[in-house]
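Number 127 in the working numbering belongs to position 127 of the sequence shown; there are no gaps in the numbering.
Calculated directly from the structure, the hints in this document are not laboratory data.
Don't take each hint at face value.
As the list claims (entries may be wrong) - Straight-line C-alpha distance at most 27 Å; calculated DSS-like pairs for lysine-lysine:
| id | residue 1 | residue 2 |
| --- | --- | --- |
| 1 | Lys235 | Lys72 |
| 2 | Lys114 | Lys175 |
| 3 | Lys175 | Lys116 |
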Amino acid sequence: MTATTATRPAGTRKEPRGTVIGRTPRWQIYTPLGLYLLFTLIPFYWILLFALRPTGSTSLVPWPVTFEHFDKVWTERSFATFFQNSLLVGVVSMVMTTLVALAGGYALARFDFKIKRAFMLALLCSQFIPGALMLVPLFEIFAELRMINSLASVIVAETVFQLPLSMILISGFIKNVPYVLEEAAWVDGCGRFRAFCAVVLPMLRPGLIAVGSFAFVHSWNHFLFALMFLSDQGKQTIPVGLATLMGADSVDLGALAAGGVVAAVPVVIVFAFIQKWLVTGFSAGAVKG
Numbered sequence: 001m002t003a004t005t006a007t008r009p010a011g012t013r014k015e016p017r018g019t020v021i022g023r024t025p026r027w028q029i030y031t032p033l034g035l036y037l038l039f040t041l042i043p044f045y046w047i048l049l050f051a052l053r054p055t056g057s058t059s060l061v062p063w064p065v066t067f068e069h070f071d072k073v074w075t076e077r078s079f080a081t082f083f084q085n086s087l088l089v090g091v092v093s094m095v096m097t098t099l100v101a102l103a104g105g106y107a108l109a110r111f112d113f114k115i116k117r118a119f120m121l122a123l124l125c126s127q128f129i130p131g132a133l134m135l136v137p138l139f140e141i142f143a144e145l146r147m148i149n150s151l152a153s154v155i156v157a158e159t160v161f162q163l164p165l166s167m168i169l170i171s172g173f174i175k176n177v178p179y180v181l182e183e184a185a186w187v188d189g190c191g192r193f194r195a196f197c198a199v200v201l202p203m204l205r206p207g208l209i210a211v212g213s214f215a216f217v218h219s220w221n222h223f224l225f226a227l228m229f230l231s232d233q234g235k236q237t238i239p240v241g242l243a244t245l246m247g248a249d250s251v252d253l254g255a256l257a258a259g260g261v262v263a264a265v266p267v268v269i270v271f272a273f274i275q276k277w278l279v280t281g282f283s284a285g286a287v288k289g
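Using the sequences and the hints given, assemble the complete structure.
This is how it looks when you write it as structure tokens:
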């Protein structure tokens with residue numbers, strides 16, 4: 001038995017290793033991505049360096065490792081309370097934003113009314129209005145309702161300012177669900193609400209996770225509303241708590257870095273667990289809008 005080997009047709013040349021025929025060479029892709037990754041990771045390493053190395057050390061390696069800065073911000077600087085307040089604001093704002101945006105997005109996707117285009121345009125234009133312009137009217141409204149110095153004022157403000165974009169995104173997700181599936185459920189005896197819960201809602205999971213996660217992150221990181229509406233230190237959130245670590249004459253870099261790590265950990269955990277859903281959700285919402 002003789003072994004046969006495949007021969008390359010005459011006139012063809014061997015492609016260099018590391019390249020794909022008809023595509024960009026790999027080094028042209030990985031080199032800029034590696035530089036961007038390095039540029040992104042250096043600030044994270046720098047903040048961990050200041051948070052973990054002892055006070056007064058100038059070493060570029062956090063050794064010996066110390067957690068004195070974390071203990072200082074968590075106990076002496078009341079970051080345990082700030083963390084609880086931020087978590088409450090973030091979770092409640094996320095739930096309220098998602099529920100209201102789900103109802104509004106369904107109405108925009110499935111119903112036609114006279115001012116629908118004007119309403120959509122108003123939602124889009126509202127994204128150009130900075131929150132700072134609304135501080136005075138919001139403060140007066142919350143003062144009349146006796147909500148100043150209450151976490152409820154921050155939750156309501158965060159929910160209202162995140163609703164327009166969330167409604168537009170969820171409307172795009174719902175448009176991707178075939179309308180005939182709901183009609184089939186109606187024929188089988190389901191009402192509109194039951195058909196929505198049984199047919200549409202399960203297919204919206206990636207989109208709801210995407211919208212909810214960004215609502216949580218925005219509420220967690222937002223500084224302005226908590227600064228203006230909350231005066232009691234026991235009700236402050238983490239962004240305002242970080243600002244208190246910076247004095248007029250000096251800055252405790254170790255404590256500030258430790259506080260930054262505490263503030264970043266929940267956001268990193270959230271995106272680490274839902275990154276797959278984020279990609280799926282936003283790619284689905286970008287098909288129709």
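Hints and how they fare:
For the proposed pair Lys235 and Lys72, the alpha carbon gap of about 19 Å is at most 27 Å, so the pair holds. A distance of roughly 19 Å separates the Cα atoms of Lys114 and Lys175; the hinted pair therefore holds under the 27 Å criterion. In summary, the hint linking Lys175 to Lys116 is supported, as the alpha carbons are separated by about 15 Å, within the 27 Å threshold.
In this structure, every one of the numbered hints holds.
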